[in-house]
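Asker: Those sequence lines, one after another, are chains H and A. Numbering of the first sequence is given in the UniProt record's numbering, commencing with residue 1 and proceeding in unit increments. Numbering of the second sequence is given in the UniProt record's numbering, commencing with residue 1 and proceeding in unit increments.
No incorrect hints appear here.
Heads up, simulated DMTMM-like pairs for lysine to aspartate or glutamate below, C-alpha to C-alpha not over 20 Å straight-line:
| # | chain 1 | residue 1 | chain 2 | residue 2 |
| --- | --- | --- | --- | --- |
| 1 | A | 200 | H | 138 |
| 2 | A | 202 | H | 128 |
| 3 | H | 156 | H | 143 |
| 4 | A | 200 | A | 182 |
| 5 | H | 156 | A | 283 |
| 6 | A | 200 | H | 128 |
What follows is a list of derived Cβ distance ranges for each label pair:
| # | chain 1 | residue 1 | chain 2 | residue 2 | range |
| --- | --- | --- | --- | --- | --- |
| 7 | H | 33 | A | 195 | 33 to 39 Å |
| 8 | A | 148 | H | 101 | 47 to 53 Å |
| 9 | A | 282 | H | 202 | 27 to 33 Å |
| 10 | A | 43 | H | 151 | 49 to 55 Å |
Hints are computed from structural coordinates only; laboratory data are not their basis. Just so it is clear, CB atoms sit at the ideal spot from N, CA and C, and this is done for glycine as well.
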Amino acid sequence: MPELTANDVAPVEGAQVPPSEPRSGDEVIAMTGIQHTYLAGNGEEIPAVGDATLRVGAGEFVSIIGPSGCGKSTLLKIIAGLVHPSAGDIRVQGHSPADVAPEYGLVFQAPNLLPWRNVAANVGLPLEINGVGRRDRERRVEELLELVGLQGFGRKSPRELSGGMQQRVAIARALTTDPPLLLMDEPFGALDAMTREQMNIELQAVNAELGTAVVMVTHSIDEAVFLSDRVVVMSARPSRVAADLPIDLPRPRGQETFGSAELGRHANQVRAVMNQAGGH
Amino acid sequence: MSQTTQQLDDRRAEGSSRHVGDGRTPVQVRRRAAVRRRVTVWGLGVLIPVVIVAVWQLLSQLVGAYLLPEPLDVARKIVDDASSGAFWGDVWVTLVEVLLGFVLASLAGAAAAVFVASVPLLERLLMPYIVGFQTLPKIALAPLITIWVGYGINSKVVITALVAVFPVFVNVLTGFRSIDRDALLLMRSLRASRTQTFLKLKLPAILPYLVAGLNIAIVFAIIGAIVGEFIGSSNGLGSVILTRQASIDVAGVFSVLFYLSLIGLALSYLLEGVTRPFLAWSENRDS
Chain H
1 MPELTANDVA
11 PVEGAQVPPS
21 EPRSGDEVIA
31 MTGIQHTYLA
41 GNGEEIPAVG
51 DATLRVGAGE
61 FVSIIGPSGC
71 GKSTLLKIIA
81 GLVHPSAGDI
91 RVQGHSPADV
101 APEYGLVFQA
111 PNLLPWRNVA
121 ANVGLPLEIN
131 GVGRRDRERR
141 VEELLELVGL
151 QGFGRKSPRE
161 LSGGMQQRVA
171 IARALTTDPP
181 LLLMDEPFGA
191 LDAMTREQMN
201 IELQAVNAEL
211 GTAVVMVTHS
221 IDEAVFLSDR
231 VVVMSARPSR
241 VAADLPIDLP
251 RPRGQETFGS
261 AELGRHANQV
271 RAVMNQAGGH
Chain A
1 MSQTTQQLDD
11 RRAEGSSRHV
21 GDGRTPVQVR
31 RRAAVRRRVT
41 VWGLGVLIPV
51 VIVAVWQLLS
61 QLVGAYLLPE
71 PLDVARKIVD
81 DASSGAFWGD
91 VWVTLVEVLL
101 GFVLASLAGA
111 AAAVFVASVP
121 LLERLLMPYI
131 VGFQTLPKIA
141 LAPLITIWVG
151 YGINSKVVIT
161 ALVAVFPVFV
171 NVLTGFRSID
181 RDALLLMRSL
191 RASRTQTFLK
201 LKLPAILPYL
211 VAGLNIAIVF
221 AIIGAIVGEF
231 IGSSNGLGSV
241 ILTRQASIDV
251 AGVFSVLFYL
261 SLIGLALSYL
271 LEGVTRPFLA
281 WSENRDS
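Only chain H is shown next, with the shape it has when bound in the complex (with noise of 0.2 Å):
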């Protein structure tokens, strides 16, 4: 890890403040405490999340970003109720996680697609899951499909597509229910850098569009910056976090924006507090 200048650290000290308040007053996600400890292998209890809180309001764009094995997709994975914290309290649309199954679309690194559904099947998936008929199903995932530019691909296998075709596909399955809330785990990791932009420009729209709340795990600064209301920083493990910071950057954003210096400051504000908190 680089040492710190007092050019690094000064931008971060007005960082170091509590959790922001979400920019509406209804709260999809309030955790408090959350800490999570796994057993290993050998047995060996590893702490994960040492104690996050976080506070995510309706249609907010948050991302989590931190060093690698910091527990970020273990939050999501606490958030969609699909593991159960050690302690602390979370709450999803004022529900437990445990008690009540949240409303939520998931949205994988890889695709994830089912390889023997084509497009349409895919994203009518969660749909079909849910019981609804079949001619609903197919005007919904129209309206999806033509959402994520994909008109007209509804007949394609999976495997005739792009990588960034077939996540959009997956984003598309992950609003069939019109979800209050996406959980997106490095959603864009596996694209090259070109298409990965276009991407965040596209998600960027959907979000302005529907006004679905987003957590979105990723790795990537500039993305984290570019598409969020606010960027949490974790530290390393046991995490917490370690700063939660507004990003005030203009909407609709496009792609002047990435090249943008307001863009370029945020970005370097992130850095600071990563490399403060612990390296990357």
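Fit chain A to the supplied structure of chain H, relying on the hints for placement.
Answerer: Frame of chain H, contents of chain A only:
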């Protein structure tokens, strides 16, 4: 080279219309080469069986026709068998044993794999036994089965099923293990029920493995039926082989082998034809 590329190349070559020494265009040269290649493939296709029959004929004259009958004698025997009602009766018996054993093995193997895979603890506990039993040559159990089940068709069906069940079981189990963890997580996140997860994710995912297992099982089933008949039976193609062996009717044994491979081919193609529509998605894109 694919056809479209070929056409493109041809067009390009025509455009340039340069002439080779003897006045032929490059296109003509290439077409002639393609024709020559096709003739070669056809020629070899005819030549190989001719050579095999010729060598066979030669060998049979060298070692004596009573050890290695001449091709024509075998052909005559094959035709004789085809017109014999008794022979078709034996074909029928073996076919029934093979099919019953195969169906039994497929159902039992797949069901056992589904059961074992759905209880992770069971899989871990049973694995050493499964591996141990798998390495045992099941054929060696045939005499035991005959003691337990008797000499009728039942014992042949059981032996056939026993030989054919493992490829199905092991393949399906491997299929379950190959299911993507994230795909399972996706189903959990969608709050899919166990039945939904099975029908929409697990079943389609294991299908290519099941079919691979069935393809091995059908071949194994024929082995099982024949060996079962060797152990003790008065009908079926296995017993025909033994009878003909006893009377040193080598051409007759060859004829049975011919019909056995015919049965094997027919059943394999049938299986492939039935299962192919379900597997279109898993076929290699480039094929």
